[in-house]
Amino acid sequence: MTPVSVLLLCVAALLGTGVLAVPLIRSTRSMQVVYGASLVFSAIAFVIALAYLVAGLPSAEASGLVLPFGLPWLGSHFRLDALAAFFLMVVNLGGVLSALYGLGYGRHEHAPHRVLPFFPAFLAGMNLVILADDAFTFLISWEFMSLASWALVMAHHRDADNRRAGYVYIVMASFGTLALLLAFGLLAGSAGDYSFTAMRVSAPPPFVAGLALILLLLGAGSKAGLVPLHVWLPLAHPAAPSHVSALMSGVMTKVAVYGFIRVAFDLLGMPSWWSGIVVLIIGSATAVLGILQALMESDLKRLLAYSTIENIGVIFVSLGLALAFKANNMGLAAALALTAALFHVLNHSFFKSLLFFGAGAVLTATGERNMDKLGGLIHRMPVTSVFFLVGCVAISALPPFNGFVSEWLAFQAILQSPTVPQWGLKILVPAVGGMLALSAALAAACFVKAFGVTFLGRPRTTVAEQAAEVDRFSLAAMSVLAALCLFAGILPGIVIDGLAPVTLSLIGDRMPVQTDIPWLSIVPIVESRSSYNGLLVFLFTLFSASLTAYLIHRFASRGLRRAPAWDCGFPQSSPATQYTAGSFAQPVRRVFGTLAFRAREEVDMPAPGDLRPAHFVVETHDLIWERLYLPIVGAVGFAAEKLNHLQFLTIRRYLSLVFLALVFLLLVLALWS
Amino acid sequence: MVVISALFIQAFQMALVVLLAPLLTGFIRLIKARLLRRRGPSMIQPYRDILRLLRKEVVLAENASWLFRVTPYLIFAVTWVAAAITPTFATGLIFSWTADLIAIIALLGSARFFLALAGMDVGTSFGGIGSSREAMIATLAEPSMLLIIFTLALIAGSTQLSTIATFMTSPQVGLRVSLAIALIALVMVAIAENARIPVDNPATHLELTMVHEAMVLEYSGRHLAMIELAASLKLLLYMSLIACMFVPWKLAVEGEGLVAYLVGIFAYLAKLAIGGALLALFETATAKMRVFRVPEFLGAALMLGLLATLLRFVSRSL
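Quick note, the sequences are listed as chains A and D, same order. Counting along the first sequence from 1, when you hit position 463 you're at 463 in the numbering used here, and nothing is skipped either side. Basically the numbering used here = 1-based index in the second sequence + 1000.
Please note that a few of the clues may not be correct.
[Stated by the list, open to error] Sample of chain A residues with no beta-carbon within 10 angstroms of chain D, all distances over it, derived:
1. V66
2. L71
3. H108
4. H113
5. L178
6. S190
7. D193
8. P399
9. F648
[Claimed, not checked] Label pairs and their calculated CB-CB ranges:
10. D:V1259 x A:L504: 49 to 55 angstroms
11. D:W1066 x A:Q466: 17 to 23 angstroms
12. D:I1242 x A:R554: 31 to 37 angstroms
13. D:L1035 x A:L595: 38 to 44 angstroms
14. D:E1296 x A:W519: 41 to 47 angstroms
15. A:G64 x D:P1171: 57 to 63 angstroms
16. D:L1281 x A:R612: 49 to 55 angstroms
17. D:G1257 x A:W519: 25 to 31 angstroms
18. A:R472 x D:I1044: 52 to 58 angstroms
19. D:Q1172 x A:G64: 32 to 38 angstroms
[Unchecked claim] Below, a sample of chain A positions facing chain D; criterion: calculated Cβ distance under 7 angstroms:
20. A209
21. P430
22. A437
23. V448
24. Y532
25. F540
26. T541
27. S544
28. R561
29. S574
No lab work stands behind these hints, which were simulated from the structure alone. Idealized CB from N, CA, C, for every residue including glycine.
Use the sequences and the hints to build the structure in full.
Okay, structure coming up:
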């Protein structure tokens, strides 16, 4: 059996699990069966993808399969190559861990029949998208993935917010698929061959390729959450149950990135240099706007969803650089930038899943997503808080964790760009670098806030005071992800070498072999330019911290007395005097908010002696929603209103309309020929 | 033998930075006092302070978590590692390739991340105010720092500090506009990062404009000693960074003899003294600004950094 057929069998098994879940729903063991089966089949798929990527690929050969359904003259093409194997790895690792997490978390699910059938189906859909090798199969799988996730978003449909989230999601998903359909239509050309093999061979004219790239950005970008197509994401991702949120944010957005890479790097042929500029601008705007929105947020899961938008922006910045370098035949630099993007894809799937699992644990323990009603959980949920902290440090791009490595690689790629010949790129790239650094710094602020307000300080409500640690399955899933974050951070060379087949197949170049470099350092180009050794930084820090701690405890006073907090001599008994999410974000809101959100603060302070309560109101505007989407909604509503008249015409008018339409069409035909 | 001597030099540097850091702080305080026509405490007062703090017991807030107790060691260790990798008196130390300039800044970012968390741990309003303001300052200081790094890296063709220092001593450098702009921006960032006047006042407590001191308000005893030492170390680190990138004279090169190393150490001490005196002069000559003027100050640094990088991107010679 070829790897592809085994993978397809896994997909079929996942689909079967989903179908099987329907009659089993009423049984008490249905949850164990569904999550257990999903875990096993995802694990098999993960192992195959990993083995294919690591072992079987010096030659980078792809293996394919054609099944006799789909379009009658086309069949369904499936294919496994390095790129697909990498993304299958990401998807199925996410699948394994969220199924493991679901085994524990699912017990608290009050409507399991709305989750269980769709969970394996969602996993199957994502796998199919990546395996697809013709436009038809790709789009069907894409739509299947969207619908399965839509059903999961609507799992708690009694909440009006969730219904709205589901509505916005389905509209945006349909729009995205339409854009992709048109993009593939352009790529298939007049010959109408929808298989990827044919598209790969035919080089479309620059104008068509450019148009296809724009449509691709609209289609894949709306699924990934690129600004301004991101509006559905912060609504839909938090609405689903937490292990599904982890899949949607940590994994499904990666499938969208896969779609973009597959078309832009594989099918479109040689990119034109301006395509890099478009992607860079959109990517950096997405990164900064996403993380600013996250900073303003006080709902834990919505904060994580906005942070996903930021990370997608970071990935697209690296992809834009890779496109620009590839267009200029700078192979090594393009390989470096693409590696940075893929590394970040992997990292984000690790830490975002971890953080969503942590948020789910908080939700299980307290029933609360609003950070302002939490606090002090580090005492009540010690293990979860450690894992969540690891996720926060990793996503803030701080060494020695994995987020830093991909960020570092992206910066190294930016430093390669003064040699590009186009002035547009020369001027744009440093600004993009600044935006990238800004988003990293904002991310650190955002996750200080997320961890500080949720887990540190004093509990603000009784639910936070009475929280208890979550079950072992959830903790196990989080522990694996936390370990992976550390592993990829201190031994990045192994990951980079694992990505080499992908860059080789897409760009024809690769970064130097990292595992041959002594001391397990990573070196993007040559050592005198730059090098980084996560392992040594980690060991050094560990060594100096333990040395200091040992010396202090050996020679300094060991006395310790517990006392009430000093707080400048004004101890405040009420936990409400602590900083909340909103107050933490206030300085940053003052700096960036007036521009990005037209934020306004109104303080109504009564005069001394006056007994009226003081009021503080913050007003922020989501400019993209207000300036872009509301006018579109208004226009669509207006058009629908007008067209509504057509429903109530007399038969004579209908006939005359038909007649006029016929005349018009004939006229067009006549003029055309 | 070569490895052992290299390891020895590395260990010497690690010890040197820790031992020198309080002296630099004390030196700056002394100069400031003299400039204000006060006598001021002796230069070794910071050592005495740290020893006294080490001998005291820790008074820990009732609901402080393990994070609060671990953070001082973590911050100190991370700052120490960063300072050990930065060239002070010699380039090409045995572990200098472990982290480049970007990684050193990110290491300091880790320290700040945990310090801000520790500020929120006890759950008092002062801790929160310090953490949130620190976060705001960092969001502007870090991008500016990165743009400065870009400028230097593009001129020297490397982000490795040793390589940059070696390049800066070579005659190819010359006078460049982008270097001058980057230096100004770097000084501004260093002032903000080290909580010095006009961004923050290291000498005050109980003032609503404070940032760094507000975060560490609940610390006492050995924990406070570690944090104070880490703060001194960070100041020393930034001075060494500026020194090794902009005035890398007399830096000993790997494998040179003992004399070169001794010359390097004296040159380093002289650079620190000059830098400290300039900082003291600047601090006595300026007033602390309101906290919401800080974004304008750092915004200027960001613009300068961007300008310097742009100059490098568009022109080979500027």
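So, going through the hints one by one against the coordinates:
no.	hint	result
1	V66	holds, 48 angstroms
2	L71	holds, 49 angstroms
3	H108	holds, 26 angstroms
4	H113	holds, 40 angstroms
5	L178	holds, 38 angstroms
6	S190	holds, 42 angstroms
7	D193	holds, 43 angstroms
8	P399	violated, 5 angstroms
9	F648	holds, 58 angstroms
10	D:V1259 x A:L504: 49 to 55 angstroms	holds, 51 angstroms
11	D:W1066 x A:Q466: 17 to 23 angstroms	holds, 21 angstroms
12	D:I1242 x A:R554: 31 to 37 angstroms	holds, 36 angstroms
13	D:L1035 x A:L595: 38 to 44 angstroms	holds, 40 angstroms
14	D:E1296 x A:W519: 41 to 47 angstroms	holds, 44 angstroms
15	A:G64 x D:P1171: 57 to 63 angstroms	holds, 59 angstroms
16	D:L1281 x A:R612: 49 to 55 angstroms	holds, 50 angstroms
17	D:G1257 x A:W519: 25 to 31 angstroms	holds, 27 angstroms
18	A:R472 x D:I1044: 52 to 58 angstroms	holds, 55 angstroms
19	D:Q1172 x A:G64: 32 to 38 angstroms	violated, 54 angstroms
20	A209	violated, 27 angstroms
21	P430	holds, 4 angstroms
22	A437	holds, 4 angstroms
23	V448	holds, 5 angstroms
24	Y532	holds, 5 angstroms
25	F540	holds, 5 angstroms
26	T541	holds, 5 angstroms
27	S544	holds, 4 angstroms
28	R561	holds, 5 angstroms
29	S574	violated, 10 angstroms
Consistency note: the structure conflicts with the earlier hints numbered 8, 19, 20, 29.
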